[in-house]
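There are 2 protein chains.
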Amino acid sequence: MTTADLARAAKAASIPLAAIDTDTKNRALTAIGEALAAHADSILAANRADLARAAAENLAAPLLKRLKFDEAKLQGVIEGIASLARLADPVGEMLGATELDEGLELYRVSCPIGVIGVIFESRPDALVQISTLCLKSGNAVLLKGGSEALETNRALAQVIREASVAAGVPDGWIQILETRADVTEMLKLDDCIDLIVPRGSNEFVRYIMDHSNIAVLGHADGICHVYVDAAADLAMATAVATDSKCQYVAVCNAAETLLVHEAVAADFLPQVAAPLAAQNVELHGCERTCALIDAQPATEEDWQTEYLDYTLAIRVVDDMAAAIDHINQYGSGHTDVIVTGRAEAAETFMNLVDSGNVFWNCSTRFSDGFRYGLGAEVGISTNKIHARGPVGLEGLMIYKWKLKGTGQTVADYADGRRTFTHRPLAGDCRG
Amino acid sequence: MTTADLARAAKAASIPLAAIDTDTKNRALTAIGEALAAHADSILAANRADLARAAAENLAAPLLKRLKFDEAKLQGVIEGIASLARLADPVGEMLGATELDEGLELYRVSCPIGVIGVIFESRPDALVQISTLCLKSGNAVLLKGGSEALETNRALAQVIREASVAAGVPDGWIQILETRADVTEMLKLDDCIDLIVPRGSNEFVRYIMDHSNIAVLGHADGICHVYVDAAADLAMATAVATDSKCQYVAVCNAAETLLVHEAVAADFLPQVAAPLAAQNVELHGCERTCALIDAQPATEEDWQTEYLDYTLAIRVVDDMAAAIDHINQYGSGHTDVIVTGRAEAAETFMNLVDSGNVFWNCSTRFSDGFRYGLGAEVGISTNKIHARGPVGLEGLMIYKWKLKGTGQTVADYADGRRTFTHRPLAGDCRG
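Protein chains in written order, with the working numbering: chain A, 6 to 436; chain B, 6 to 436.
None of these hints come from the bench; they were simulated from the model.
Because identical chains cannot be distinguished in the list, a pair is counted as satisfied if it fits within a single copy or across any two copies.
Calculated pairs, DMTMM-like style, for lysine to aspartate or glutamate (alpha carbon to alpha carbon, straight line, at most 25 Å): (1) K193 with D226; (2) K16 with E352; (3) K16 with D215; (4) K70 with D420.
Only chain A is shown next, with the shape it has when bound in the complex (with noise of 0.2 Å):
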């Protein structure tokens, strides 16, 4: 099959999907987790194939961890498709109710999007977290997974096909992709894919971005930012700034550029340095910077740089004013920090900085679905429109219109024989 055949089928499937009721999703995911645990020993074996060939690859040993699969993984997505199955279902959820004349009611009621494609690292666990997220929002999903995991992802996706199918979910909903080339092809189809969910390097992101009318959700560069305002608690603005920098530096919302007010710049910088130091964090300092603490010099490359390794830019800047103003030239709309003691300073900082996360007096690394408490996440959005941040069930979600009428016809209004009423209806959560 070529992928527009996987698409169309995907396609196909999405529409009775859509429609199918919440306990059969729910059995369906029940059946799932249990067939995972029933075919333990083959999905594993799949996963030792996936290892061995990776290894004799001289795949590097970070690259080995992502990619290995155990007992305890399987656990872990096991205990994930059960708390999954416990969430409300997201569709029909009843978003607004008018009443428009009487016998002629408009709702607005949540639905799934339609053909999700979504493409991902090595873990195999996304696999089986992504492909559950879209069971239980009503979406069919092209999956295109690592080649190092093809084995593994190959196993997981049969027995939750399978699995599914058999609980009543329409086959053809859960379709892999295994190769560069289905994913360039899948980038064609936007009368079969509603949206691609695009995970990995910056660069392979922009190349989705770049090269598909369908449309995306995610991010390319997360160049995230501490402001150390003139009023912070600057032993606060020191464990913030660290832990934003140091708590996982490989990832997209571990800070890059910390702006520091100048007014404290000379207390704060030497007592910042210290634990950054103390992690081999690098520094790239603006002449302000390298004045007071020993840095390399920055130039304007630092500023737009994702370094996700030990290293730091950082600015002295002269106000509040001139932090916004960087971080919105700079920053990728990610996930910015404001550490101050004023309240108003930081209510201002989060409203002008046009970034999807705004944070005061926190580390910019609780960017992140799970500590937002969404459970799984299908990734980070620095999208202006549909998700912004990170994104969960809800971000699978769209809504129709439901019109229901006794036979109304548009010219009685038109010619004034009857006029709307436009009365919100009860289940109008926004009243």
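Since the structure of chain A is provided, determine the placement of chain B on it from the hints.
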């Protein structure tokens, strides 16, 4: 100034505009209404100049009618602004609130998208409606109106700009583009413009969608269907089908195809043919239709055509499933209607038809922001993400996540020294 300069100015203004308070915005709206009244003479004179030029260029009568902006139209937009000022501010609405831990509170808060590019037809009142919707929602806007309305648009935009800036709105928030080359330029400015709303012909909208990486909100085709079920009240079906086709043929929510269950075709088709013939509707029917009433044979192309005229395609189908398949295959996801006495069939139809607007026992022509009670309308979207169907103020909004802490670091949670509470906070409408 180049288009890029205008877009950068709009982007710069969008930052403070996103944060100005409700009173300032509403005062500005009131000031705009007053200024439009005060400058009525020069605005109407500009419109007379446009009309004279258009008449000299032999513009068709319906277009001249759309272009005309007289005292009554001016009064209409001024009243529209007054009612917009009375609407709740869509910015800063609390969409969710969660305690992540003691002293660490997460809020999801509505905010403007940023910079919107709108391309619209030759109705000068559209300029006023769109720009004031953007102002109310805190968005900067680049406006490209029909070239026939150039003088009127210049006059209106100048009044709106001066009045709003005098009332405290950041200068630069409203920008006018005047040529097609400006639009071509705008499509490339994905660093400054967050969303494009094109209104106009199918070909034009499709061109925009195919030539920009910027998100587009709108619709190309409007191929709307009326399906008459076996259990339909045939008198009601006749009224709904006739209104859907004839009440205003030149618009996207007019019906283009009538689908009829075979069990009622012999009764229904002659019945509906009479009022359609009275309005000179040309019928293109499938084989079974042509055996029952006088119609031209329909071709495959008929099912894919948005006539926007007194022409209707008719197809007899075996059952509701065949009707749903037809709509999902040939429709444009705009508006589709079932006429039936069976509530269960209606619900199935509305769940399985993958369109933004799915109606039961009423005309396709109700698919409209004003009729839905949304107030003024940005446009109608057949997108599968962000906003669907008639789009009002809400479609110009997105949200940001604000996290307010007291010095928390992620290391404390990762190392098990602290755990998340994930407790819903009061103020979360969704509980």
